[in-house]
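Undergrad: Model the full structure from these sequences, guided by the hints.
Heads up: the sequence lines are chains A and B, in that order. In terms of the working numbering, the first sequence opens at residue 1 and continues consecutively. In terms of the working numbering, the second sequence opens at residue 1 and continues consecutively.
A couple of the hints might just be wrong.
The list treats identical chains as one, so a pair stands whether inside a single copy or across any two.
[Stated by the list, open to error] Taking lysine-lysine pairs in the DSS-like style, the calculated list, with each CA pair at most 27 Å apart, reads:
| hint | residue 1 | residue 2 |
| --- | --- | --- |
| 1 | Lys514 | Lys503 |
| 2 | Lys421 | Lys462 |
| 3 | Lys514 | Lys241 |
| 4 | Lys49 | Lys7 |
Hints listed in this document are in silico derivations from the structure and should not be mistaken for laboratory results.
2 protein chains.
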Amino acid sequence: MTDRRRKFYGWGYEDDAVTPAEIGEFETAWTRLLGVEKFEAVPFPTLDKIAIREPRIKVPGALSSVCTTDKYDRLYHTYGAGTVDVAKAIRGEFRNPPDVVAYPQSEQDIVDLFDWCGTNSLAAVPYGGGTSVTGGVNPPDHDRYRGTVSIDMKHFDKVLEIDATSQSARIQAGVLGPHLEKQLKPSGLTMRFFLQAWEFSSLGGWIATRAAGHFATAYTQIDDHVQSLKVVTPSGNVESKRFPVSGSGPNPDRLFLGSEGALGIITEAWIRLHKRPTHRAMTAVKFTDYDKAVEAVRVLSQSGLNPANARLIEREEAEYTGSSDGTYDILVLGFESADHPVDHWMARALEICAGFGGKWETESLSSKSAEIADAGANSWRQKFLRGPYLREYAIARGVMRETMETAVTWERFAALREHVKAETHRAIREVTGRPGSVTCRFTHIYPDGPAPYFTWFAYGDKSRLAEQFMAIKRIGEQAMVDAGGTVTHHHSLGRDHRPWYDKERPELFCTVLKSAKHALDPRQILNPGVLFDPS
Amino acid sequence: MTDRRRKFYGWGYEDDAVTPAEIGEFETAWTRLLGVEKFEAVPFPTLDKIAIREPRIKVPGALSSVCTTDKYDRLYHTYGAGTVDVAKAIRGEFRNPPDVVAYPQSEQDIVDLFDWCGTNSLAAVPYGGGTSVTGGVNPPDHDRYRGTVSIDMKHFDKVLEIDATSQSARIQAGVLGPHLEKQLKPSGLTMRFFLQAWEFSSLGGWIATRAAGHFATAYTQIDDHVQSLKVVTPSGNVESKRFPVSGSGPNPDRLFLGSEGALGIITEAWIRLHKRPTHRAMTAVKFTDYDKAVEAVRVLSQSGLNPANARLIEREEAEYTGSSDGTYDILVLGFESADHPVDHWMARALEICAGFGGKWETESLSSKSAEIADAGANSWRQKFLRGPYLREYAIARGVMRETMETAVTWERFAALREHVKAETHRAIREVTGRPGSVTCRFTHIYPDGPAPYFTWFAYGDKSRLAEQFMAIKRIGEQAMVDAGGTVTHHHSLGRDHRPWYDKERPELFCTVLKSAKHALDPRQILNPGVLFDPS
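TA: Written out as structure tokens, the structure is:
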């Protein structure tokens, strides 16, 4: 826990500032990417300048100790962290804030909040870390509801129990990444679920949105880490038993993994952990032929070597992040283990890469420590973690940066990449009247296909950036789905991905989900508009 | 496909006989285990001696080409392959045969069968290979239904499409193990899902029951192999899209993995495959301290080495299977790869074993071929595959052999093993009046716990063997569940495991499953009595 307050319009704490030097560096990169000579920033909003609708509902006395209608709290819970969210926040647009923000301290508080919402037709929006980039935590805009209560789980932030023998722990779902790791540290265990939003996203959010983390192979999705769950629903608690694996009927946890807050609030989970790695090897492999690089990664994905990191970054992207001069693609390759030196693993992986023309600096190879890892890999990694801090500064300057990610079988990947890049380039030109940048890397790899991650930049009109952004995104997502990719590998569905999700999931499965909703949340208070519309 | 006919009362084809020499060998083992000097066998039943109820329903003309009421077909589809099934079959008890057996040739045939069943209150029991040991394919005994149609999927036996690049194939769900592998062979790919019932169980059965296969780690459950599914339900088809992974909401396939035939009939699946291994190393490690052997396997499970085989067999079991003299426990340890020699993997695994007092024959180590593998390991493996063929011969002699399997976190394992062994020994003595044998091995291991597999032998009364068997099993299963294990890791639920499943799954999750049933099978025709009772 901390007394520092989060920005209500952007990433991080109020005192987290990006330095002028960093901004200068990024402006230089954006100039090169977008051909814009000079950027002018609109100012960030301040609390006092924003008008906010009065709460439409009154908190009952019994709930007053866990609820607030404070202006800051309501503004802060109006948006997630997507470009549309930040763009609207920066222009001071907070049309649909939650009426009340609740900070339950116990499961009984959640039950009481559900009862209140149910009897008063209020929408209940579960809130973990607020880092959704898909409209997952925004109050719904639907006549059915008389108001919205944002339920912030921040007080559920404890590691309750550690079973070091079975390498697992019972953890409250509201805990954010750093506080989770801090509590695990004395045990020598770690969750190692270092997604880009790690600092400000919660365990419950990872589970509800099926996030993916640190490992490029094997333990990629949160699904693999969940041993059991406890969920509070308006119809009662659902608590699964704790087993390494079971074959007893459909897995109950799988109903809540990806439930996006629509079926209940996850309060606790038993989570599988790892020992802190003591052996590491990292390097960056350069390829001059992208298709061959992809082949190398495919063979690697099917080798059983299970690298912890295997991020293939195409040359354009590696260039603007400073790890390539633009003549070669980079594969950031890493192995780690708490059990054994990983030299043999790395040696075989590099043998595979060499077979496809890959080259690497031999001095970058080290299984002593990740610190001596390749400078190119490090440079990329730093920018990866710093990424979200830049978003509001980019948007204030009219720069849109979006990432669209998917997973696709290997045989469809080349055509998918070509189509997504072509269509997104076309969309950027049509919407903004000028060219942009669209590049691809892999975040995770599987024996049957990669998880490609497209990053695009465009320079738009600051007064209607949110709308331009969605216009471009719609075309890019459609291209990705048309080419056989899933609408999301790990960014979640929220409300923004609904149009594609509605076609991706089997129609009858939606009927089943609606029945599950009816059983668990008969008054349809929970996060309306995700997965399907309220009836 | 074959013209050979399966035995209607036991394992394998009618011309599959166990040799007198094999029987002699087993009788010697049983004498040692059970203290019975001489075994007398009741004869196996013959078709002509069995009286069978007339079909209670008439096949409509339009379905006559895919349906039969032939006596053999009905007897053969009356039971699965469990001890109760075989014991009843051997004593000629076929009280509740299906009235009709259907062999659909197309999905439309299945739809037509569902329509017929739905409008006539008939139970529809999906039938793959018929190897259920938990009462999963037996016609239900419930007033609600006017008759039972067993739907045998044997004509759905083709590999329809192979994507060698993404190492996956689209496969019809009725195919049995050997025919599946035969069709894959030219591609160099293999499913390697070699469970004990591999010869006679079907892909659809593996999926519907969440079977586990060849690999002791990593790719253990069928869940890991399923890329997408096609399911025909009474409400329509559910067909999921094919991705390496997706984060789009709850995974639709997970509803049908473990659905036990109650929600639809799986007709096709895209399945993840492996390249045929070209590098192998196998050995058998001996331990004189069982607790230390368990510790070695735990460390191995958490090492990231992912052995293909890691079966720890306690000394009593290793002794009667001929791979130990009874003074040491055996860890059958194997690595395999299609990519790289596995010597380094094996070397590190043995280093771990050595740390806990493990010893092995150095000449048994070879990464050239599995053929030079340790004799002890091989001896056990042969008996593993031959096991099911013995069942009817054992039962005809009054010998019950059951396997009860579970998964449990590491910190609970020692107490679980002690409790299950003590309780099952007690049950055998109480029920049969004489001592029996109860031993434990691991079939699969996970970083958070093993899948212990208990084998027990008891000598009973041939005239009421089915009842004695269930009386013992009930106590053993209860002990397993009381000690924190799941009711099944990979043997499925069927109807026999319902009493424990009903307590294992969260109550509200059962409500959700019933809603799913209502959505997909509103007339409740599909496999009544599995997962929950018909309303």
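Undergrad: Are the hints correct? Go through all of them and say.
TA: Status of the hints after comparison with the structure:
1. Within a single copy, Lys514 and Lys503 get their C-alpha atoms as close as 16 Å, and across copies as close as 25 Å, so both meet the 27 Å cut-off.
2. In this assembly of identical chains, Lys421 and Lys462 lie within 27 Å of each other by CA distance solely inside one copy; the values are 24 Å within and 72 Å between copies.
3. In this assembly of identical chains, the alpha carbons of Lys514 and Lys241 lie at most 27 Å apart whether taken from the same copy (25 Å) or from different copies (20 Å).
4. Taking CA atoms no more than 27 Å apart as the test, Lys49 paired with Lys7 passes inside one copy only; the shortest distance there is 15 Å, against 83 Å between copies.
In the structure shown, no violation is registered for any of the earlier numbered hints.
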